[in-house]
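Asker: Each chain, written out:
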Amino acid sequence: MKKRMLAFGAIVAAGALALTGCSGSVSSGQSSAGGATSLDWAIWGNTPPEIASAEHIAGLVHASDPNLTVKVQTMSWPDYWTKLPTTLAGGNPPCLVSMQMGHVREFADSLLPLDNLLASASINVSDFDPGIMKALQVDGKQLAIPYDLGPIVLYYNKDMFKAAGVAEPQNGWTIDEFVADAKKLTSGSNYGFTMDNSIEPLMDWAPSITGSLPVTDDGKLAINTPEMVSVMSWYAGLVNKEKVAAPVIASPTSTASVAFLGGTAAMYANGPWEMINNKAQAKFNLGIVTLPAGPKGVTGPIEGSGFGISKKCSNPTAAIKALAVLTGPDALAYMGDIGRAFPARTAQQGSWYKNAVDGSKATLEAAMKNGIPFRATTYWTQDGLNYSQGVVSVINGNSSAADFLKGVQDQSQSK
Amino acid sequence: MALNVVEGTEKRDGRGRRIASKNRRRRGDGRTAAGFLAPSLGGFAIFTLGPIIASVVVAFTVWPTGGSPTAAGFSNFVRLFTNDPNFIQSLKNTLIFVFAYVPLNLVLSLALATWISPRIRGQNAYRVLLFIPVVTPMVANAAVWQLSLLPSGVIDGIWVSVFGVHAPNFLGSPTYAMAVVVLMSLWQGLGYNLMVFVSALEAVPESMLEAAAIDGASTVQQFFRIKVPMISPAIFFGATMTVITSFQVFVQPFVLTAGGPGNSTSTLVMYLYRSGFLFHNLGYASAIGVCLFLIILVVTGIVFLAQKRLVHYE
Amino acid sequence: MARKTGSLKAREKKRRRRGYLSQVLLTLFVIAFMAPLLWMLVTSLKPGGEVFSSPPRIVGSKVLWSNYLEVWTYVSFGRYMLNSFLVSVAGTTLVVLTSLASAYAFSRLRFRGRDGLFFVFLGTLMVPQEVVVIPMYLFMTQLGWVNTFQALIVPWAFTAFGTFLLRQAMLSVPRELEDAAKIDGANHFMILARIMTPVVKPTVAVLVVFTFIGYWNNFLWPLIIVNDPEHTTVPLGLNGFIGQGGGQWQLIMAASAISMIPTAALAIALQRYLISGISLTGLGGR
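Residue numbers (the working numbering), protein chains in the order written: chain V, 24 to 438; chain X, 269 to 582; chain G, 203 to 488.
Hints are computed from structural coordinates only; laboratory data are not their basis. Nothing here was measured: the structure is a model prediction, and the numbers come from that model. One thing to keep in mind: the hints can contain errors.
[To be verified] Listed next, the stretches of chain V that the computed footprint assigns to chain X, with coverage defined by at least 3 CB atoms under 8 Å from CB atoms of chain X:
1. 105 to 112
2. 265 to 273
3. 396 to 409
4. 412 to 423
[Unchecked claim] Restricting the straight-line Cα-Cα distance to at most 25 Å, the calculated cross-link-like pairs of lysine-lysine (BS3-like) are:
5. V:264 with V:207
6. V:429 with V:185
7. V:306 with V:384
8. V:302 with G:264
9. V:206 with V:181
10. V:319 with V:384
11. V:181 with V:94
12. V:306 with G:216
13. V:429 with X:360
Positions of the beta carbon are idealized from the N, C-alpha and C atoms, including for glycine.
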């Protein structure tokens, strides 16, 4: 009996060791064997379409250089930013790091400045949208090469509009029209709009209502201003006053898209990158329109993401070559095609328009005309966490926006 | 290899078989013991004792993740108790949880244990069914409860059919959220103490109960005057275990409400996790850990003191 | 005399009626208790859009057993299950082997400071895992074990629980068995392997059940130490699945159901040992 136990244990232990060996390599995020180099690439998104799209463009790198392989390491979206510091500080950090405009300041210390490497990989800065290129710089240093960008737009359920006898919204429509429509679309257990507890909506609606953002130019939090309180009160009022959106709960689940895709909410706000998931999962006719405009007109933050190289990468030469392909024309055309990303390369943007729903080109162009670059604080992840914890109460009508925003400001380290 | 050979002495009995040498007995089994204990105690020293001591040391530093520590004296502890409303709130929440959950758990599982007496057919099956939530992953349990309690979920649906209005937003309201966490935890944890009490109740001799019945004691009196004192060691054990594990509450609020709404279900372990791994202050988080342990010690000590007076040992 | 018998019969009848009532009520209670799990099963078989139907229905328009297949491809659920099995089995094996050895030492061998050492050993059982995760994490970074299987298996394999349990059992093994073996020249290792272990097999079974369940359900530590899907265990993977946008609740419920099977099956199959284990730890060996 014991012998069998021992043998069994030995097999299991051997299996464990084998699996241990399989996963990850010894040096920092890359390994070489006989001329072949493998680089680890950290990116968010773990739905099958998102993983498949990442694997596809990683494959493009290998096709361009058979000695170079990019290994995709995905982390689910909510966890990516909280796990990234430990991943980068660990013993085997990835060489290629996906980065967002909103977080580049936070990770500035861990990313390699790319300015001097661009030439060696023939990356031409002017091919890219200048706004997002600048937004991925900190203190004048380019920390990531952009791959996608996008304004926040409103997705809507055409079938629900038709059933309620409401005319479809047009680009440039106002907040008053939006609230009126939402009220008509709210009946039974269906709501006109849906929201969750993340901090992004505050950023999305503020420029159009007050012309400002809760973040200063140099990355400090300024969320406790009368302007922001008015935006917060209005937004929370959609749930607790106008009752056009369901009460929220404080859970990591982003229930906003759940309600929309499930057909119980007629409208929701998100970016062009959601086109791929929305088209895949919506069982209704999908519409897209600009975010309802406040007194300051159609304007809003333009967000975007890119890829950078971690400072601990031991093979930046290979990494920048991989980056060039990952943000190259073919990769971005593909991403636009499948609706995964609105390309940051101006020439490739047509591919996203081609396969998005009707009216997308007009909507995106209208939204971006007066858009402002998204900017975030130095401790954006922590500020977002503080916000999302307390905002549920405000949205559900149980506490005041002013007190809440003051609390978030006081607790922030980005002051 | 026979120790006798190592020790160098051999004794034989009348039939020529080797017998244990008295010498060996007196010398003790130190070397063998070392061999047998090495893996377990070696691992213990490295992976249990070491980290326990280290957690106290780290609590006196400021240590950012991926950075290096700097000595900080008592500043972490001072800040916890004087300048950190989040900590105070999570302490309050944890205490509320413990003082609501533990008594309810003990009373309900004792009631169930009494109900599922040997006279009930299929008692084993009932007990095992009630035990299942104890062994299933807490994340899965919490997922099911969250799904049911979402503003568009089944509880709301039933509420609308029965009462005509929407149910209160259980997970989104500060008053109800903690109640939900307690309720869910009761559902998950009852099974364990149920088993403890059933074993204990079965050990109460029938003869005592019959004697009491003959003397005119009612079932209720039998229960409180005989059964409860006789199973008091088990109640004490259940109370201690439940208190200690309830202070560690983490997964339920993490999955159900993420510590919200606001701060109303954030517990000590949640705050420890947030401080250490979301806000990257390892020293501060360790200080929270030390406080947690001290609180557990104090409350367990109180339970022990209560035991001296209340528990009846044979 | 006759009257007394009469009232005895009446009392008996009353007791039996109460017994039936009790049984019925209990059955209803247990069904209500199981309701969350039943709802989980019901939801897992619905088509995606019908999870939140109003009014709620038990059966959707279709009964989709295929959801259970879709789970494996939607996220790397197969990988999560494999990882959990690996970690739990390896961890349990490690715990059983080391605990057998140290329990033998504490119960049968004599050496200086034995009881004091055991007391300290046992005392650390009071320190919960949560208190130790911070220094343990730092330790893992220094060993280079962050995001590895060793980190999931080894750190928690050396608690005193197994030693305590097995020592209890060994103490009640009659000495005659070993004395006979010693006379035949067996050394301690052989005694442990050939004599002790078979005798304490039931307690080993208890330890296996408790340890396996502990490893399988562990959440906080994997949450801290795991960074990629290759090392993710089932509870962690389930949490990530829930947190993903566009929640496919019918798949989440199917995944939850699958994740419950190993430990539930173990508990049901080995319930005898669970029950005896709970009484062992609770009441015996003071």
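Asker: Would you mind marking each hint as holding or not holding in the structure?
Answerer: Against the structure, the hints:
no.	hint	verdict
1	105 to 112	holds (count 5)
2	265 to 273	holds (count 5)
3	396 to 409	holds (count 3)
4	412 to 423	holds (count 7)
5	V:264 with V:207	holds (15 Å)
6	V:429 with V:185	violated (42 Å)
7	V:306 with V:384	holds (22 Å)
8	V:302 with G:264	holds (23 Å)
9	V:206 with V:181	holds (16 Å)
10	V:319 with V:384	holds (22 Å)
11	V:181 with V:94	violated (40 Å)
12	V:306 with G:216	violated (60 Å)
13	V:429 with X:360	holds (22 Å)
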